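J.: Now for the letters of each chain:
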Amino acid sequence: VATVTLVYFAWVRERMGCDSESVAVPDNVATIADLIDWLAARNGHGAAAFGDAARIRAARDGEMALPGTAIAEAREIALFPPVTGG
Amino acid sequence: MIRALVQHDDFDPGAELAAMGAHGAVASFIGHVRSDDGVAELWLDHHPVMTGMALERLADGAMQRWPLAAVTIVHRVGALAAGERIVLVAAASAHREAALAACAYLIDRLKTDVPLWKRETLADGSARWVEPREGDAARAEGWG
Numbered sequence: 001v002a003t004v005t006l007v008y009f010a011w012v013r014e015r016m017g018c019d020s021e022s023v024a025v026p027d028n029v030a031t032i033a034d035l036i037d038w039l040a041a042r043n044g045h046g047a048a049a050f051g052d053a054a055r056i057r058a059a060r061d062g063e064m065a066l067p068g069t070a071i072a073e074a075r076e077i078a079l080f081p082p083v084t085g086g
Numbered sequence: 087m088i089r090a091l092v093q094h095d096d097f098d099p100g101a102e103l104a105a106m107g108a109h110g111a112v113a114s115f116i117g118h119v120r121s122d123d124g125v126a127e128l129w130l131d132h133h134p135v136m137t138g139m140a141l142e143r144l145a146d147g148a149m150q151r152w153p154l155a156a157v158t159i160v161h162r163v164g165a166l167a168a169g170e171r172i173v174l175v176a177a178a179s180a181h182r183e184a185a186l187a188a189c190a191y192l193i194d195r196l197k198t199d200v201p202l203w204k205r206e207t208l209a210d211g212s213a214r215w216v217e218p219r220e221g222d223a224a225r226a227e228g229w230g
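Those protein sequence lines, which keep their order, are chains A and B.
As numbered in the working numbering, the first sequence has no gaps in its residue numbers, which increase by one up to the final residue, 86.
As numbered in the working numbering, the second sequence has no gaps in its residue numbers, which increase by one up to the final residue, 230.
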């Protein structure tokens, strides 16, 4: 079990009901994709925010990440919808 | 010279462009909040660290592709009313080809590469998060 800070943006934050949280991630949650699935199954907020994994993007310690990116030893994982600036 | 800013405050386009220096060509793009579908207010979410870093990386990418003397990007965040300025991108070079191409590159890639999220509030008080436009990703990818 490793502890990581999760930070949420846009409608992911609204659906999670918080800006960020420190979570203990089980050892079998190894990648960004695993993390999204685990969060979706964790509670109702998670199901609402992460039920459709294809709509979620992620960054690991400030660098854009892919579904297969490992989360071991990450300090911060950001989870958010596709960006819409400009 | 790279100037990349994430801020709530408005910016002065004339002052920003003048500060880039008297190069042969200075090209710029300014975006304003549209009032499509009766949008009364836009609110922009951003990452406190990643957004500024992404703007700097975007500017650096343009500097590596074209012979530019200066790149300026200013993106506003927080609550903005319809009609307000939201973004400035500008590129300065000795000649217009590089400045114009870099300016288009900067705004196309900004839309897909920078952590910013828009929420629209309509006149009736309802709010919705903006979805990426069809074609934005293709335009950005077109730059390779």
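Among the hints, a few may not be true.
[Said to hold, decoys possible] Restraint ranges, calculated between C-beta atoms of paired labels, are given here: (1) A47/A / Q93/B: 15 to 25 Å; (2) R120/B / A2/A: 23 to 33 Å; (3) W215/B / N28/A: 24 to 34 Å; (4) N28/A / T207/B: 11 to 21 Å; (5) N28/A / G164/B: 19 to 29 Å; (6) M64/A / T207/B: 26 to 36 Å.
[As the list claims (entries may be wrong)] Covered stretches of chain A (in silico footprint by chain B; criterion: 3 or more residues with CB under 8 Å from a CB of chain B, positions within the stretch not fixed): (7) 38-48; (8) 65-74.
Keep in mind that the hints were calculated from the coordinates and are not lab data.
Because the structure is a prediction, the values reported are computed rather than measured.
For each residue, glycine too, the CB sits at the ideal point set by N, CA and C.
J.: Against this structure, judge whether each hint is valid.
T.: Hints, one by one, checked against the model:
1. Separated by about 36 Å at the C-beta atoms, A47/A and Q93/B break the suggested range of 15 to 25 Å.
2. Separation of R120/B from A2/A is about 44 Å and departs from the stated range, judged on CB atoms against 23 to 33 Å.
3. A C-beta distance of roughly 32 Å is found between W215/B and N28/A, which places it inside the suggested range of 24 to 34 Å.
4. At about 41 Å, the CB distance of N28/A to T207/B disagrees with the hint of 11 to 21 Å.
5. With their beta carbons about 40 Å apart, N28/A and G164/B fall outside the hinted range of 19 to 29 Å.
6. Distance hint check for M64/A and T207/B: the Cβ-Cβ separation is about 28 Å, which falls inside the suggested range of 26 to 36 Å.
7. Here's how the region 38-48 of chain A fares: 0 of its residues keep a CB closer than 8 Å to some CB of chain B, so the rule of at least three is not met and the hint is violated.
8. Coverage of a stretch by a chain is defined here by at least three residues with a beta carbon nearer than 8 Å to that chain's beta carbons; for the region 65-74 of chain A and chain B the count is 0, and the condition is violated.
When the structure is compared with the earlier hints, violations turn up for hints 1, 2, 4, 5, 7 and 8 and for no others.
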